[in-house]
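Each residue of the sequence shown is one higher than the one before, starting from 1 at the first, in the numbering used here.
Among these hints, one or two may not hold up.
Said to hold, decoys possible - Using 16 Å as the maximum straight-line C-alpha spacing, the simulated EDC-like pairs for lysine to aspartate or glutamate come out as follows:
#1 Lys304 <-> Glu394
#2 Lys304 <-> Asp335
#3 Lys304 <-> Glu171
#4 Lys304 <-> Asp360
Unchecked claim - Per label pair, the in silico range of CB-to-CB distance:
#5 Leu402 <-> Leu361: 21 to 27 Å
#6 Ala310 <-> Glu266: 35 to 41 Å
#7 Gly350 <-> Glu39: 47 to 53 Å
In short, the hints are calculated from the structure, not lab data.
The model shown is predicted, which means the values in this text are computed figures rather than measured ones.
Glycine is no exception: its CB is placed at the ideal position from the N, C-alpha and C atoms.
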Amino acid sequence: MPPEDGNPLKVLHVSDIHLGSGLSHGRTNPATGLNTRLEDFAAALVHCVDQALAHAVDAVLFTGDAFPDATPPPLVQELFARQFYRLAQAQIPTLLLVGNHDQRAQGQGGASLCIFRTLGVPGVIVGDSLETHRLSTPHGPLQVVTLPWITRAALMTRPEVEGLSMAEVNEALLQRLHLALEGELRQLDPAVPAILAGHAMVANARLGAERFLAAGKGLLIPLSLLARAELCYVALGHVHRHQVLCQEPPVVYAGSLERVDFSETEEEKGYVLVEIEAPGRPARFTFCPVPTRPMHSLSVNLEKATDPEAQILATLAQANLQDAIVRLTYRLRPDQLDQIRESVLHQALGVAHSYTIQPDLVSQLARPRLPDLPLTRSLDPLTALEEYLNLRPELEALRADLLRTAQSLLQAEAETEVATGRPAVTPELVSSEPHAPSPGLEAGGSPEAGSEGPVDGSPGGKRRRPAGRAKSSQLPLL
């Protein structure tokens, strides 16, 4: 049934608050004694609840991951509970869905959220199982199917999966989910608007920091399993990047409310305001950004820089560092270390809220000694030296002298060959004593296959290699 007064039923969809995360990027606020990043995350939640009250929404859906883990400190729990209690006081129905970070490691219940159900907070529903909840709102009833984070733990202990591969276990889990979800959708009242709230990894979603935060790999759910005509809107959590996977019905990740780490520097953070006009009709929705502290990850390659410190300062000058969280990474050669003053960098970054400096020293051992060339390509000695010097920028000052010396050696060798009529040799590599053919060589000169002749005729030794001639053009690598 449509809303009785003709106005749409409004739902605020927020997700992945992660209150208590990112503390390493903050500092202690001397006025409160709290970590400033904890205050940032709390401020984003306060703003979100303020907007829920200002827009007089009919319901609030939180789609999982309230904290970094299932056992948050009491202070962090209090900051979270204080804001959702404001919604309870305003008599706004609120659903708290259990995410992977809200569960214990074994996936047995949402330890960090079930306290709301235990205390019987009015209007607050905890979604820790696949079931349908009916919310009473000022604009009529609303059906919400809850799909919490699914773990393999319960299924892995069953005898029917013994001996199955992980792919087969996932397939069995998807089949069970499909049957259970189908049962819930068939029981929906077609005259009442319906939403699915899920904390899941859905196919086609673009990942963010959750790829590092999730403990273990979750179940990948096909989009077709959730994008059902019976639903007006699918509210998703788990992926930190806000994105829309489908329009009919809208399948939407609200994204995280604040930046958890530097993988989210370019992502806009906020919540989604949903408007439902009639059952079975796709809802309208709007992404609403929240004020967040800027976060910048700056990277500078100084390997070819003539003034590395100036290049770093130029990069910093282009970024808005005021009150931002900054990570500066610069790549340099060992001989450039003395050209960068740490005090100058600290002074330039002083306007930032917090910052880290990470020099990345180029290892000489890791440097390739020769360029990647086709195996069929042959190089004359001078060209080989030039290509080698191209890989060693620290030898740039010696480049001209090295090439000039190499050219002189090659020219002298060529003149020797012309004068003597034979290739030039390196005297110290030529034995002054005549040597007999090594054992294992026939009179004609070809070695017998597999022969391991002794040294100087002694048994058990290694085969002696005949003294050879080495051209002086075979320059040693630098």
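Hint check:
Only pairs whose Cα atoms come within 16 Å are accepted, and Lys304 paired with Glu394 is accepted, the gap being roughly 9 Å. Pair hint Lys304 plus Asp335 holds up; C-alpha atoms about 12 Å apart against a cutoff of 16 Å. As the CA atoms of Lys304 and Glu171 are separated by approximately 52 Å, the hinted pair breaks the 16 Å bound. Proposed proximity of Lys304 and Asp360 is supported: the alpha carbons are some 14 Å apart, at most 16 Å.
Under the hint 21 to 27 Å, the C-beta atoms of Leu402 and Leu361, about 25 Å apart, fit the expected range. In this structure the hint that Ala310 and Glu266 lie 35 to 41 Å apart at CB is violated, the actual value being about 27 Å. Taking the beta carbon of each, Gly350 and Glu39 are about 21 Å apart, not inside 47 to 53 Å as hinted.
Hint violations for this structure: numbers 3, 6, 7, all remaining hints satisfied.
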